[in-house]
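A.B. asks: Each chain is listed here by its residues.
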Amino acid sequence: MKINRLAREEVLRSLVTSEKGLSGEEAKRRFLEFGPNEIRETRKTPLVLRFLRQFTHFLAVLLWIGAGLAFLSEYLNPGEGMLALGLAILGVIVINALFTFVQEYRAEKSFEALKQLLPFHVKVLREGKEKEIYAREVVPGDILTLSGGDRVPADARIIETVYCMVNNAPLTGESEPVPLTAGACGGELIESRNIAFAGTSIVSGSAKAAVFSTGMRTEFGRIAHLTSAVEAGLSPLQKEIVKVTRVIAFLSTLMGIGFFLIGHFIGRSFWENFIFAVGIIVANVPEGLLPTVTLSLAMGSQRMAKKMALIKTLTSVETLGSVTVICTDKTGTLTQNRMEVKRVWFDRKFIAEHSIGDLRSGDIMTAARLCNNARFSDGQFKGDPTEVALLKAAGGTAEAGEAERIFEIPFDSERKRMTTLNRIGDTAIAFTKGALESVLPLCTRLRLGGESVPLDEELKKEIVSASHSLMDSGLRVLAFAYKVSNELGVMRNEKINNAALDSSLEANLVFLGLVGLEDPPRPEAAEAIGKCRGAGIRVIMMTGDGSRTALSIAREIGLVSGSPVIIEGSDFVKMRDSELRERLSAKEVLFTRMTPKHKMRIVTILKGEGERVAVTGDGVNDAPALKKADIGIAMGITGTDVAKEAADIILLDDNFATIVNAVEEGRTVYENIRRFISYIFSSNIPEIVPYLAYVLFRIPLPLTIMQILAVDLGTDMLPALALGAEKPTPAVMKQPPRPPGERLLNAKLLGRAYLFLGPIEAVACMSGFFLVLKLGGWQWGEFLPAGNPLYMQATTACLTAIIITQAANVFACRSDRESVFSIGLFSNRLIFLGIATEVLLQFFIVYHPWGNMIFSTSPISLHIWLVLIPFAFLLFFAEEGRKFAVRNLRRG
Amino acid sequence: MYKKILAAVNEHINSEVAARYALRLAKQLEAELFFCFVAEESMPQHTRCTAEDAVNRLYTEALDLNIRAERISILGDPVAEIGKIVRHEKIGLVFAATRREDIERRFYSGTVARSLSLKLPCSVALVRVVHMGKIHPSKILVPLKARVNKVKERAYFTAKMAEAFGGKIIVFHATKPITRFFHGEIHLTPVEWEKRLPKDISDFNAYIRKSDIELEGLLLPGHTSKGITIEAAAKRHDLIIMGASERPLFTFVLKGSPVEAVLRETPCDLIILNPRHEDK
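Residue numbers (our numbering), protein chains in the order written: chain A, 5 to 896; chain B, -19 to 260.
In short, the hints are calculated from the structure, not lab data. Treat the hints loosely; a few may be bogus.
[As the list claims (entries may be wrong)] Below, simulated BS3-like cross-link-like pairs (lysine-lysine); rule was C-alpha separation at most 30 Å, straight line:
1) Lys156/B x Lys243/A
2) Lys215/B x Lys611/A
3) Lys179/B x Lys611/A
4) Lys247/A x Lys156/B
5) Lys70/B x Lys99/B
6) Lys215/B x Lys578/A
7) Lys206/B x Lys243/A
8) Lys247/A x Lys206/B
9) Lys611/A x Lys206/B
10) Lys125/B x Lys243/A
11) Lys346/A x Lys420/A
12) Lys611/A x Lys175/B
13) Lys611/A x Lys156/B
14) Lys119/B x Lys578/A
15) Lys316/A x Lys215/B
16) Lys316/A x Lys206/B
17) Lys611/A x Lys148/B
[As the list claims (entries may be wrong)] Residues from chain B shown here face chain A by an in silico Cβ test under 10 Å; the list is partial:
18) Ile(-7)
19) Val109
20) Met112
[What the hints assert, rightly or not] Derived DEER-like restraints, expressed as beta-carbon distance ranges:
21) Arg44/A x Arg127/B: 31 to 37 Å
22) Met(-19)/B x Leu36/A: 31 to 37 Å
23) Lys127/A x Cys29/B: 24 to 30 Å
Beta carbons: idealized from backbone N, C-alpha and C, even for Gly.
Go ahead and model the full structure; you've got the sequences and the hints to work with.
C.D. replies: If you want it as structure tokens, here you go:
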């Protein structure tokens, strides 16, 4: 039993308070016990620790070890350039850490938006006197005095009310104010009309309410708690990068140790072997991977912004590409949220859209006009889209002033109807509109042929059947009724209470008819749904509409084809998790008569089943689900600030098709990341092979560690980024979401990079090295010191060969199987910019004195370049040949 | 198991709310109930009056419910005096409320609640009251560790509390995620997790199933205290009942204490049970 079910006296007794409020001393005591009434963040890891964490993840640890080994090596055996290496690695760690930390920090602002929704000053009764106090001083047991314009500071049970209306929009997103009552209510506390919730505001009337929970224990605090405490966990890409780094760490350490031992057995000195081992590790660790991935995601997010999807957290770009389920709202996302009256059932017949104008002077359209809060002013209709549609259909612009509104029982979701009492001439007429199941039981007669006739069971069946017919065509159905009232005199004496007036106005009504409204689907929705189907993504629609209407719209946009599982809100709350899990496993699922607060449960269950879930939302109470989902998508137009802050992506046009476009972009980003990983990994082989040759064949070291870093952190970066800008191909949305078990770094990718592309580059770099040595008169077995000009030229040729072949490799890595000529040699112009930068950078390294100094290089002549360039063509056409063979094999 | 129950009451509203839990349990078990207020010498008269008023209200409520009840109001040291009463009356269970200031201290050391929990020769239920709108808890969340001591008494207490309020029990176990070096975290579905349910929790569930109480199990990987509070907040649970698993200082410094974290962040009332009966 909750406080909403208690009578007024029991409420006061259970809170140990009275209608005069608490004493000052008791309030102070309770303040000490329950603490300030404020929204505070759940305890989190301090900012400093979170920053430090960026330096302790696996890749960072790997790099720390590398830097440590370099410094140790410099200390024990100076002059080998290990100091510069150590410093360079430290630079990589710091840049990566700062980049990631800034991204994470920026993503955590949802809490601030929540805090700002609570008021500063409130009026309470203390020892019978009204006092204005700070909202943070409100305690359980305080009696609040609320009036129009006040914000509610804490969750409180209404004990007195005078026509009090509350706007729950900050909490529920429902724009219509709802009336508050003081009597006991059944059902759930959250849905009770006798509870004023913290963060909501009083629209009109006044009330007294006893506070029963404050601060983080209010409904608002609950949302804040969930918003700040729920963590979606690592994104799929982040998980993959962790795995990749572990595999690389293992492989490079294994190779480092292995070659250290080989060196030892063939008689090299400890230091030679040590430097060699460090070199192998440094060559293997893709230092440029994290910055390249981050920059690629940033570019992806910019492309998505152009497609009206604003990305808040970078990793969301790729996560969106991996989603398997999209849970979406209907109104405004799949539909246009532009209601239109399509059909009317009146006088026992259906009236089509084009004839509705003829009914304007009729009873049903008068009801639609007068039982309506939308208004026509300044040349436009203003109000709730449903009411605006009714007013438009009823000719609301022409008939203004025909009646005077005396009284209104507002619409609320529990009663599912509203009633207005109007003075028309000397007559008072009550008009009621609402859901059929709410209005029909109140009717005893039917308006037929200008008269009212008794409403028998047969007629009722006919009305229900007409309603089903309208709903089956995807229309939202509203029923209308009226009654000539004798309440005019009653209203004047103003002594009657609310409940009595409500029941008297809404009894023995005359049923007028039904109005079917359509919220047309967005024109692009069907195509977007089709794309999702092709891409193996399940779309689950969640709507407040009834099942028949929802089903019809779902059919119209191609969301369902057979007999979907339909779960209504009332059944949903009764279902156990296991039952819901089973129902959710169906291919086609619709949630109808739902409220946003149910979303988090759906998301949790789907995630538990291993699905990658995207969910849309706009209200404050959507925020926890938006945080919990792999991808939270907030509506840019209709969304609250809290929802936007909690989401990963904001849809600037509220359009479902934008989500699908963003998914396509996300999938492309993943493919692009794979492309540049192939590219980056290919250069590991020409970086390792020189070391192997150095150890095994006792030749001078063909490539220094600084030169390796020049490739990994310098020349490779821009071409890799250019690969990150490859456009989506039609195939990307014709394949199912990648399975959770699929690795970013799989055997196919490693085989292509390490066993095919890499060896060609290795041949090129070793050829360049030996060519320069031979031309310079070097003899096999001759030792060359580090500062020897011939040796420096030879290493420069080796480095240049890697750069040249990597330039060709950018083109090779643009696709897995398709020929570069078929995808368009010039379709990604950034590639050319990347290569141009790469070559310019190499010119700097080879021909500028600073470049020579930093990287121990020396200028080489043009004919060396001319000898090396054919290797680039060799790599490009060899890869084209491989792709051709693969395509043929697949066809075969 | 609990023939006599004592509820420690003082001038603070949370002790009165905590005593109401004792009241309902006593009604369910047909146990004798003692409302006990021990005033320290230095306590001002008007504060004593506030506490005595609370005792009187509770006593009246107990009589209305046909519970055999007694009121005790004495001067002295609360822990010592309550200890004497427990021994003299052979009390089986004591309900006491924790205070907000208690939770700021490490495992509420040096507080009356802590002393009662450690020094009394009977089981102690420490109640943290945070929400006064959930009069009768209908959804009770019971977080359990993999290894639970005194399973029987914990299950008995939980079952009787659920029966007293006509509530449903949700057993929750937060476990470490399964990880492999090269693979990272392994995802298991709830059904797969259920197969890995620790034996003590299965025993606990088996005991609960003996009575006609609705029971649901939930096993999730993740951070224990955060998991508990998120679960309680997300599904609007009304009450959490958990055990007082004290950790050594070293473990506490390294990992923190889930009970303390839940005490701080709980979105609903929380009962920490320190059971004593099974070992006797």
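A.B. asks: Determine which of the earlier numbered hints do not hold for this structure and return their numbers in increasing order.
C.D. replies: Violated hints: none at all, because every hint is consistent with the structure.
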